[in-house]
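Undergrad: In case you want the letters, here they are:
Number of protein chains: 2
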Amino acid sequence: MPDMEIKDYNNKINKILYVVGIGPGKESGITGEVREILDMCDNWYGYPVYMDLLKDLDKNNSKNKITTKMGYEKERCEMALRSARDGKKTVLICGGDAGVYALAGLILELSEKYLDVEIEILPGVTAATAGAAILGAPLGNDFCVISLSDILTPWEKIEKRLRYAAAGGFAICLYNPASRKRPDYLKRACDILLEILERNIICGWVRNIGRTGETSRICTLGELREESADMFTTVFIGVRETKIIRGRMVTPRGYNNKIY
Amino acid sequence: MPDMEIKDYNNKINKILYVVGIGPGKESGITGEVREILDMCDNWYGYPVYMDLLKDLDKNNSKNKITTKMGYEKERCEMALRSARDGKKTVLICGGDAGVYALAGLILELSEKYLDVEIEILPGVTAATAGAAILGAPLGNDFCVISLSDILTPWEKIEKRLRYAAAGGFAICLYNPASRKRPDYLKRACDILLEILERNIICGWVRNIGRTGETSRICTLGELREESADMFTTVFIGVRETKIIRGRMVTPRGYNNKIY
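Taken in sequence, the protein lines are chains R and P.
Each step along the first sequence adds one to the number in numbering that gives the first Met the number 0, with nothing skipped, and position 162 is 161.
Each step along the second sequence adds one to the number in numbering that gives the first Met the number 0, with nothing skipped, and position 72 is 71.
One or more hints might be untrue.
The list treats identical chains as one, so a pair stands whether inside a single copy or across any two.
Unchecked claim - Here are the simulated lysine-lysine pairs, BS3-like style, with alpha carbons at most 30 Å apart:
1. K68 x K87
2. K186 x K156
3. K64 x K112
4. K64 x K180
5. K88 x K25
6. K68 x K112
7. K112 x K180
8. K25 x K62
9. K88 x K242
10. K159 x K186
11. K87 x K25
Calculated directly from the structure, the hints in this document are not laboratory data.
Construct the entire structure; sequences and hints are all you get.
TA: Structural data, given as structure tokens:
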């Protein structure tokens, strides 16, 4: 069927592209509904790392796995949309949640050319909450999620958001704090935050959440500046109230001070 | 065993209190690892609504379910800690994620009196990402999560965060936008946001995510001001780039404009 340019929302839609979040890593972090969709779909589209994480869910290697490299997300999405339009049971696999720095939005944008394909999005546990659980409860009150990747967002905008998040008193969770091409971005972000926040603000990071080699550390903002991070690291910056309890990072919500 | 005031971290800990997030509602939104913990633990502590959501997981009614009303979270946590200390297999159940406006932080605070009990926190899908998946992809770029409940946070602080989130260019997800005692809080929040944002900014809300009676709507910020919300509603406020695509709310990340 060629691309339909005529918008006919009344047309019966029975082709579905599932866009799912598989959580941060381990199989046990996948929700029941996403697991069902993965079982049901024969065509898995995704980033190579996710296919590797899911290999135990396809023990007899019966799934048709189609991957594209990082940077080729649009191509991956177009291929998945075409697969669904051709009537194949298709799932596009995202790490963490399907809509947080992931492909749900791009699929919806591109799907305007595939009006006979319905888009069903199923959420997953995102790194902000999965990493938080490992550290303790750093996001126990209002928080911001900011990606330090400037591939799709200009650095000035990222810098501005860091300033507003810190000045607004939000705990901050940083995705993509560094990569091979951006080795010093976490340091640059810390320097901006240190213009507003005290050096002794409690921070933490988790690398490879739920995956082999999971590591984490709690430190101060001053120390965080010197930590090394990569694209599999999630960083947490506390607020003034954030403290260390039994070696865990905790941003209290205030329950404990509430007078009944 | 009486409360231990002596901190002895070298003591062998073999008592565990599990603090888990069950996702927003339906059973299929629970992760595999949380499901395992619920199966394994005989003593379920939680808010009555969550027990009701989980009733199909305890078909033969073998679990010992202990609930306290809203406002008695500290009592609920203390009871769960005592249960774990007494050697009982105990889980404290949170809606959504265990650490987002939930009890992981309070448990860690209170656990200083229960040093022989280890706290294990397991994340869940929080309403921000579960509601986003229903609306489309409203949180496709940097975002803030703010609770409008002023029971534990002074309203001035909430107001300040709304201003900084809007001025910083974040998409915003509002938890607890209203309750019976705070019927007009969403309107008050919209009025603050309208000082900074245009009336035609795309917004949306979802009520009873993943539960019976799930409803949602996409509207403008000007219209959101007139919408009714309750404590089971999650609200999404877009940014200037947010648009409606095929009836869904999408905050693009920029993939579609990227030049390869």
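Undergrad: Evaluate each hint against the coordinates.
TA: So, going through the hints one by one against the coordinates:
no. : hint        : verdict
1   : K68 x K87   : within (22 Å within a copy, 48 Å between copies)
2   : K186 x K156 : both (17 Å within a copy, 29 Å between copies)
3   : K64 x K112  : within (24 Å within a copy, 51 Å between copies)
4   : K64 x K180  : within (28 Å within a copy, 52 Å between copies)
5   : K88 x K25   : both (24 Å within a copy, 24 Å between copies)
6   : K68 x K112  : within (23 Å within a copy, 50 Å between copies)
7   : K112 x K180 : neither (34 Å within a copy, 47 Å between copies)
8   : K25 x K62   : both (19 Å within a copy, 28 Å between copies)
9   : K88 x K242  : between (48 Å within a copy, 28 Å between copies)
10  : K159 x K186 : both (16 Å within a copy, 27 Å between copies)
11  : K87 x K25   : both (27 Å within a copy, 27 Å between copies)
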